[in-house]
Amino acid sequence: MKIYWELFSTFFRMGAITFGGGYAMLPILQREVVDGKGWCTNEELTDYFAIGQCTPGIIAVNTATFIGYKIKGVWGALVATYGLVAPSFIVIGVIAALLQNFASYALVQNAFAGIRVAVTVLILNAVVKLLKSSVVDKLTACLFAAVALASFFLDLSPVLFVLIAGALGVAAKVLWKGAAKK
Amino acid sequence: MIFLQLFWEFFKTGLFAVGGGLATLPFLYDMGERTGWFTAHQVADMLAVSESTPGPIGINMAVYTGYTSAGPLGSLCALVGIVTPSIIVIVIVAAFLKAFRNNHYVEGAFYGIRPASTGLIAAAGLTVAIGALLKTELWSGWERFWTVLDWKALALAAVIFAVSKKWKKLHPVFLILIGAVAGAVFRFAGA
Chain Z
1 MKIYWELFST FFRMGAITFG GGYAMLPILQ REVVDGKGWC TNEELTDYFA
51 IGQCTPGIIA VNTATFIGYK IKGVWGALVA TYGLVAPSFI VIGVIAALLQ
101 NFASYALVQN AFAGIRVAVT VLILNAVVKL LKSSVVDKLT ACLFAAVALA
151 SFFLDLSPVL FVLIAGALGV AAKVLWKGAA KK
Chain A
1 MIFLQLFWEF FKTGLFAVGG GLATLPFLYD MGERTGWFTA HQVADMLAVS
51 ESTPGPIGIN MAVYTGYTSA GPLGSLCALV GIVTPSIIVI VIVAAFLKAF
101 RNNHYVEGAF YGIRPASTGL IAAAGLTVAI GALLKTELWS GWERFWTVLD
151 WKALALAAVI FAVSKKWKKL HPVFLILIGA VAGAVFRFAG A
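These protein sequences, in sequence, are chains Z and A. First residue of the first sequence: 1, per my numbering; consecutive thereafter. First residue of the second sequence: 1, per my numbering; consecutive thereafter.
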């Protein structure tokens, strides 16, 4: 029982002190999980991150699930994951409740109009960073442009784009492998 | 039954949003449009709150959206919905770790999905930009297209962009703070 509590409290702490998730969590995971608890090695952690990035879902959550699973199987995975997301649930719940009460104030409305401008810049910067890692050749450049345009102008579900792009990616790799053999 | 619907919508988001953080953004827009639970403006506000509070952005977005749509129980349903696919997928992958990492098909699928995911985020970003930087209600045709430009907002965007480039390590919460203060002082919403 003690190990479950340790898993929950360790990941709860991490969820409470990291802003932004993703790579922001890596140094804290290294300190807490690798150096502190010895639950996995640095190499394993890097692997988990790499896989977390190319599997569906949120990277920080995927990494917590991995470590929990390694320590105590499916129950360990559940305990670690819910430990990580519990602080979000509490903090955001309180903020959402407060904001709903203050949303009609002029000051809050003006502030959020300014905040949306800041968010625009944040998204722009994030897209530029993502472009560097995801657009690696002509085909991926076309895919990016086609999906961006189609998703903006057409009323289609993002799920559809993800499925088609995945299928195209597999097709491209298979065709190239065939071409390389000849 | 909004709770079941919230769980299902966020389950789909958790299953198809690849690449973390902002990857949930296009799914939230789509969800808001289809269900009417929240507007595009509200999604941008939620993103600002999620970036300024501890915890993974995608999780914060789910909790906030769930709360806005159906209160505390709604946020719990959204939260469980978004983490469940992760738990299922990772437990399966963990069991076949080595085979998964070197699999040609998996590699190929993600080679295609990564740029598509970036494209989806870019399109969602464009929607945010239009809401934040333009006054679309003043549109009067292409020959007078400049009437829709919100100069105050464009100037603020330029300032925040410059700050984010000058101090690259600066935490996003400071950029959001600049936006909030400027918006309140210069009455960005006209309220």
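Careful: at least some of the hints might be erroneous.
[Claimed, not checked] Listed next, the stretches of chain Z that the computed footprint assigns to chain A, with coverage defined by at least 3 CB atoms under 8 Å from CB atoms of chain A:
{"#": "1", "segment": "36-46"}
{"#": "2", "segment": "114-127"}
[As the list claims (entries may be wrong)] Here are the simulated distance ranges between beta carbons:
{"#": "3", "chain 1": "Z", "residue 1": "163", "chain 2": "A", "residue 2": "189", "range": "34 to 40 Å"}
{"#": "4", "chain 1": "Z", "residue 1": "153", "chain 2": "A", "residue 2": "189", "range": "42 to 48 Å"}
{"#": "5", "chain 1": "A", "residue 1": "168", "chain 2": "Z", "residue 2": "167", "range": "43 to 49 Å"}
{"#": "6", "chain 1": "Z", "residue 1": "17", "chain 2": "A", "residue 2": "141", "range": "51 to 57 Å"}
{"#": "7", "chain 1": "A", "residue 1": "103", "chain 2": "Z", "residue 2": "163", "range": "38 to 44 Å"}
{"#": "8", "chain 1": "Z", "residue 1": "107", "chain 2": "A", "residue 2": "2", "range": "27 to 33 Å"}
{"#": "9", "chain 1": "A", "residue 1": "2", "chain 2": "Z", "residue 2": "163", "range": "22 to 28 Å"}
Hints listed in this document are in silico derivations from the structure and should not be mistaken for laboratory results. From the three backbone atoms N, C-alpha and C, an ideal C-beta is built for every residue, glycine too.
Cross-check of the supplied hints:
1. 36-46: violated (count 0)
2. 114-127: Our answer is that it holds, as 14 residues pass the Cβ test (under 8 Å) against chain A, meeting three.
3. Z:163 x A:189: 34 to 40 Å: Holds: the Cβ-Cβ distance is about 39 Å, inside 34 to 40 Å.
4. Z:153 x A:189: 42 to 48 Å: violated, 28 Å
5. A:168 x Z:167: 43 to 49 Å: Cβ of residue 168 (chain A) to Cβ of residue 167 (chain Z): about 37 Å, so the range 43 to 49 Å is violated.
6. Z:17 x A:141: 51 to 57 Å: holds, 52 Å
7. A:103 x Z:163: 38 to 44 Å: violated, 18 Å
8. Z:107 x A:2: 27 to 33 Å: 31 Å Cβ-Cβ, so the 27 to 33 Å window holds.
9. A:2 x Z:163: 22 to 28 Å: At roughly 27 Å between Cβ atoms, residue 163 (chain Z) and residue 2 (chain A) fall inside 22 to 28 Å, so the hint holds.
Consistency with the previously given hints fails for numbers 1, 4, 5, 7, ordered from lowest to highest.
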